[in-house]
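J.: Could you build all of it, start to finish, from the sequences and the hints given here?
Below are the chains, spelled out letter by letter.
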Amino acid sequence: VAQRIDEHTRAARRRVLRNALGVGLATGAYGLSFGALSITSGMSLAQTCVLSALMFSGSAQFGFVGVIDAGGAPFAGVATGALLASRNSLYGLHLSRLLRRRGLRRAAAAHLVIDESAAMSMAEGSDELARLGFWRTGLAVFCCWNVATVLGAVGARFLSDPGRLGLDAVAPAAFVALMAPRLRSAPAWFTALVGGGVALAAVPVTPAGTPVLLAAVVIVGVALRGSRHRTYRTDREAG
Amino acid sequence: MLWLATLAAAACSFALKLAGLSVPQRILRDGRVQRIAALLPIGLLAALVATQTFAAGRHLSVDARVAGVGCAVALTWRRAPFLMVVLSAAAVTALVRR
Chain X
176 VAQRIDEHTR
186 AARRRVLRNA
196 LGVGLATGAY
206 GLSFGALSIT
216 SGMSLAQTCV
226 LSALMFSGSA
236 QFGFVGVIDA
246 GGAPFAGVAT
256 GALLASRNSL
266 YGLHLSRLLR
276 RRGLRRAAAA
286 HLVIDESAAM
296 SMAEGSDELA
306 RLGFWRTGLA
316 VFCCWNVATV
326 LGAVGARFLS
336 DPGRLGLDAV
346 APAAFVALMA
356 PRLRSAPAWF
366 TALVGGGVAL
376 AAVPVTPAGT
386 PVLLAAVVIV
396 GVALRGSRHR
406 TYRTDREAG
Chain B
30 MLWLATLAAA
40 ACSFALKLAG
50 LSVPQRILRD
60 GRVQRIAALL
70 PIGLLAALVA
80 TQTFAAGRHL
90 SVDARVAGVG
100 CAVALTWRRA
110 PFLMVVLSAA
120 AVTALVRR
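In order, the protein sequence lines correspond to chains X and B. Just so we're aligned, residue 176 is where the first sequence starts under our numbering, counting upward by one. Just so we're aligned, residue 30 is where the second sequence starts under our numbering, counting upward by one.
Treat each hint with caution, since some may be false.
What the hints assert, rightly or not - Here's a subset of chain X near chain B, in silico, CB distances under 10 Å, partners left out:
| no. | residue |
| --- | --- |
| 1 | Leu192 |
| 2 | Ser219 |
| 3 | Leu220 |
| 4 | Phe237 |
| 5 | Ala257 |
| 6 | His269 |
| 7 | Leu342 |
| 8 | Ala355 |
| 9 | Leu389 |
What the hints assert, rightly or not - Chain B stretches covered by chain X per the calculated footprint, using a threshold of three residues with CB under 8 Å from any CB of chain X:
| no. | region |
| --- | --- |
| 10 | 31-39 |
| 11 | 46-52 |
| 12 | 72-86 |
| 13 | 90-103 |
| 14 | 109-123 |
These are computed hints drawn from the structure, not numbers from a lab. Note that beta-carbon positions come from the ideal geometry of N, C-alpha and C, so glycine has one too.
T.: Here is the structure:
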């Protein structure tokens, strides 16, 4: 019996490693488009690589580069990127129970906290597999993402006009695909409509980069209002 | 200036990740934190999709990008793989522009 359990664990570990590699390769393709888009927006090759190695958060990097591309102030880009990266803090809240690390190990773990590594660890049942899924997915994505960024950036330099390849549609298309699995409830759809609507309404009247920040402020307001209503209802039910 | 912003963006991103791993568990139990955590990414992504599809500087415009992103929405609806969604969006946008 012990041998069978052992066999079972090994199979589960192999499955986790295979999934981690698959996720890494898939995000690598996304990295190609990031590299190309970053160069198109006016960032240098070195700046593009620094973003992928040190910022290391897909949608936040796209957000930052998107503001630069639209001609926004660089620090409006920092704010947009930080807001988009803020959900990694929330993943961290979930992961901290699992990854009880201190010092350098905690810093290394923190750097690898992204959508994919968090999602993989949440999908696993046992703590051991969840930890394995987190580390292996994080490392696989980190390697693929950085190699792909360089390739995409170098590739874009040879294009006279990357718009002709439709590269400016890559980021919004990727966001559509990333957002879809979260749109499973009425409040989620409502939030998406409010976010998109507020941002579009703000485009003609505010500088580039601000429409997305304004949308974020409105959504925090909506979320707080919603939770107050819910607390109120739960209180009544409890009473 | 762009270098400074690049390094600041990287520093913010790392600080946010580390802060999440270092915060006491009880904060997560707050209902408001949970609700903001669930809804903010959705709203932000929707705002990004909207502006990157329709904004041209400080104007709104309907151009080739709309066809590409429309294609991405349709493929996502049909549960196509991530790669196919992204590549088709670029291809459709490029084709419409020709």
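J.: Now tell me, hint by hint, if it's right for this structure.
T.: Hint check:
1. Leu192: Result: violated, 20 Å to nearest chain B Cβ.
2. Ser219: Because about 8 Å separates Ser219 (chain X) from the closest Cβ in chain B, which is inside the 10 Å limit, the hint holds.
3. Leu220: violated (12 Å)
4. Phe237: holds (8 Å)
5. Ala257: holds (4 Å)
6. His269: holds (7 Å)
7. Leu342: holds (6 Å)
8. Ala355: This hint holds: Ala355 (chain X) lies near chain B, its Cβ roughly 5 Å from the closest one there, short of 10 Å.
9. Leu389: holds (8 Å)
10. 31-39: Result for this restraint: holds, n = 9.
11. 46-52: Held - the region 46-52 of chain B has 7 residues with a Cβ nearer than 8 Å to chain X, which meets the minimum of three.
12. 72-86: holds (count 14)
13. 90-103: Per the Cβ count (7), the hint holds.
14. 109-123: Held - the region 109-123 of chain B has 13 residues with a Cβ nearer than 8 Å to chain X, which meets the minimum of three.
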